Amino acid sequence: MTEAAPEIRVKALRKTFGEHEVLKGVDVTLLAGRVNFVIGRSGGGKSVLLKHLTGLLSPDSGEIWFGDREISSGGSRGLNELRRKMGLLFQEGALFDSLSVAENVSFPPWYHGTMRPSETARRVKDLLSELGMEGREDARVSELSGGERKRVALARALIMEPRVVFFDEPTTGLDPILSTQVDSLILNTRDRTGATCVVVSHDIAAVLTVADQVSLIHDGVMILTGTPKDFRNSAIPAVRDFITGGEEAAALGG
Amino acid sequence: MPSKLLNPVAVMGRAAMDSVFHLGRYSILSVRALLSIFLPPFRVRGYLKQMESVGVDSLFVVILTGAFTGGVFTLQIIYGFRLFSAESMVGPTVAMAMTRELGPVLTALMVTGRVGSSMAAELSAMKVTEQIDALTVMAAEPVKYLVSPRILAGIVMLPLLTAISDAVGVCGGYAVAIVKGLDPGQFAGRIEDIVKLDDVLDGLVKSAFFGYILTSVGCYAGFYCRGGAEGVGRATTGAVVVSYVAILVGDFILTAIMF
Ligand SMILES: Nc1ncnc2c1ncn2[C@@H]1O[C@H](COP(=O)(O)OP(=O)(O)O)[C@@H](O)[C@H]1O
Ligand SMILES: [Mg+2]
Chain X
0 MTEAAPEIRV
10 KALRKTFGEH
20 EVLKGVDVTL
30 LAGRVNFVIG
40 RSGGGKSVLL
50 KHLTGLLSPD
60 SGEIWFGDRE
70 ISSGGSRGLN
80 ELRRKMGLLF
90 QEGALFDSLS
100 VAENVSFPPW
110 YHGTMRPSET
120 ARRVKDLLSE
130 LGMEGREDAR
140 VSELSGGERK
150 RVALARALIM
160 EPRVVFFDEP
170 TTGLDPILST
180 QVDSLILNTR
190 DRTGATCVVV
200 SHDIAAVLTV
210 ADQVSLIHDG
220 VMILTGTPKD
230 FRNSAIPAVR
240 DFITGGEEAA
250 ALGG
Chain R
0 MPSKLLNPVA
10 VMGRAAMDSV
20 FHLGRYSILS
30 VRALLSIFLP
40 PFRVRGYLKQ
50 MESVGVDSLF
60 VVILTGAFTG
70 GVFTLQIIYG
80 FRLFSAESMV
90 GPTVAMAMTR
100 ELGPVLTALM
110 VTGRVGSSMA
120 AELSAMKVTE
130 QIDALTVMAA
140 EPVKYLVSPR
150 ILAGIVMLPL
160 LTAISDAVGV
170 CGGYAVAIVK
180 GLDPGQFAGR
190 IEDIVKLDDV
200 LDGLVKSAFF
210 GYILTSVGCY
220 AGFYCRGGAE
230 GVGRATTGAV
240 VVSYVAILVG
250 DFILTAIMF
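Those protein sequences? They're chains X and R, same order as listed.
Letter by letter, the first sequence follows residues 0 to 253 in numbering that gives the first Met the number 0.
Letter by letter, the second sequence follows residues 0 to 258 in numbering that gives the first Met the number 0.
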């Protein structure tokens with residue numbers, strides 16, 4: 000692969016909830032058209048970081064640049080313009096429980112009216128079968144298992160073929176076979192549409208096989224950003240803990 | 000807590016600041032929702048669905064309340080009016096009370112219990128499961144998609160429900176009057192002379208305002224809900240209590256201005 004351009008640059012991002020300082024000056028550059036993993040301990044602020052990148056939370060201080068555009072610069076209209084090119088898979092799915100599976104997945108194009116209905120229907124079908132959810136189009140969200148919800152939410156995040164896709168723990172709660180499928184879906188997304196993928200994950204195996212770049216958030220700052228190889232060979236104790244912890248869990252069959 | 004006892008000024012100041020904060024945020028939300036009705040994209044189906052759930056689904060309870068209110072009101076006044084041989088005034092008094100006051104207020108209170116509370120519950124459940132955030136990220140304005148249809152449904156449907164309640168209430172009063180030995184003509188004869196169209200219309204204007212209050216308060220409580228399942232419960236009760244108070248106080252103010 001050729002040298003990748005930066006897609007998103009985060010500078011000195013800080014966020015405190017009450018007394019609890021979650022992000023203490025995060026600096027990271029996420030590469031265009033690449034799979035960027037963000038890993039870190041549970042409760043370490045990964046979801047909070049994604050919510051800043053999508054404008055759901057605003058920082059106490061710091062900047063987030065998409066290309067040459069600061070996220071807060073254009074007001075809510077500018078933000079919505081950026082969001083039309085984003086997809087976000089929420090950690091808990093955040094599916095609309097008043098709608099069916101197919102209505103959930105087709106919601107973004109339906110709402111914006113930017114896609115012909117036949118095209119929307121085709122994409123819904125393709126995405127759902129790619130995720131092993133064919134034939135469940137008319138199911139209600141309340142009838143789905145956790146893993147099924149996650150896959151429907153993934154389809155919803157991808158249907159508009161966004162330029163940047165954020166995945167919050169896409170494989171957590173999936174069995175190993177489905178996890179592998181989701182990993183290859185992420186790679187497909189990158190290769191087919193050239194999308195920038197930002198993946199929050201705990202899955203060390205996926206980090207080493209799927210990621211183009213890895214960033215580790217620890218104690219509110221990014222302590223390492225580099226290739227999977229840099230990550231594996233790092234001598235930083237927190238990084239080593241993370242890798243050996245993951246390997247131990249894998250050895251125990253987790 | 001001793002600190003609260005020791006420092007009542009701080010406690011009152013806190014409460015005042017909270018009220019100002021909520022009132023400000025509520026006003027912004029409800030005005031934005033109203034303005035968004037006129038902005039594209041127009042998704043008519045969402046509006047119709049809310050009108051059905053506010054209007055059609057409330058019909059039964061509104062009819063029931065209207066009939067019994069008109070009936071019991073007649074039962075109460077018929078005795079007193081007989082003392083003055085004013086039987087011919089029973090009908091007009093019932094009609095006046097229903098159209099100006101009882102129809103609009105009781106309908107609004109019933110619909111608050113049924114619809115305002117469920118709007119608060121539904122939106123707060125969407126809030127705590129991040130569905131509202133999901134809309135935001137899809138650049139689908141949640142205020143426009145969720146709040147506008149609900150508020151418009153309240154403004155449009157409450158007057159219709161109130162008109163039905165008025166009519167049913169007068170019929171309920173009529174039935175009771177007949178049972179209590181009044182002539183049909185005695186009950187109905189003077190209603191037309193005494194109750195003016197304006198009385199009815201003013202009542203309907205009030206009810207449109209109540210429809211705005213109960214839906215916007217329900218949506219506000221849900222939209223800014225915090226704290227999981229417990230928060231959903233708190234939002235729902237809060238919406239009902241605040242709507243009740245706002246409807247009764249608003250009723251007093253509007254009545255003082257109108258009549
Ligand atoms: N809206 C919020 N209000 C208060 N605290 C929050 C909020 N969102 C997240 N937090 C806190 O921030 C910390 C990081 O959360 P999160 O980003 O969800 O962790 P994770 O890395 O597991 O995704 C947690 O301690 C959480 O309690
Ligand atoms: Mg998380």
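Just so you know, these hints were derived from the structure itself, not from any lab.
Just so you know, not all the hints are guaranteed correct.
[Stated by the list, open to error] Partial list, computed: chain R residues near chain X (C-beta under 10 Å): (1) L28; (2) E100; (3) S117; (4) A120; (5) E121; (6) T135.
This structure is a prediction, so every number in the text was calculated from the model and none was measured.
Even for Gly, the Cβ is constructed at its ideal location relative to N, Cα and C.
Hint by hint, work out which the structure violates, then give me just those numbers in ascending order. Violated: hints 1, 2, 3 and 4.
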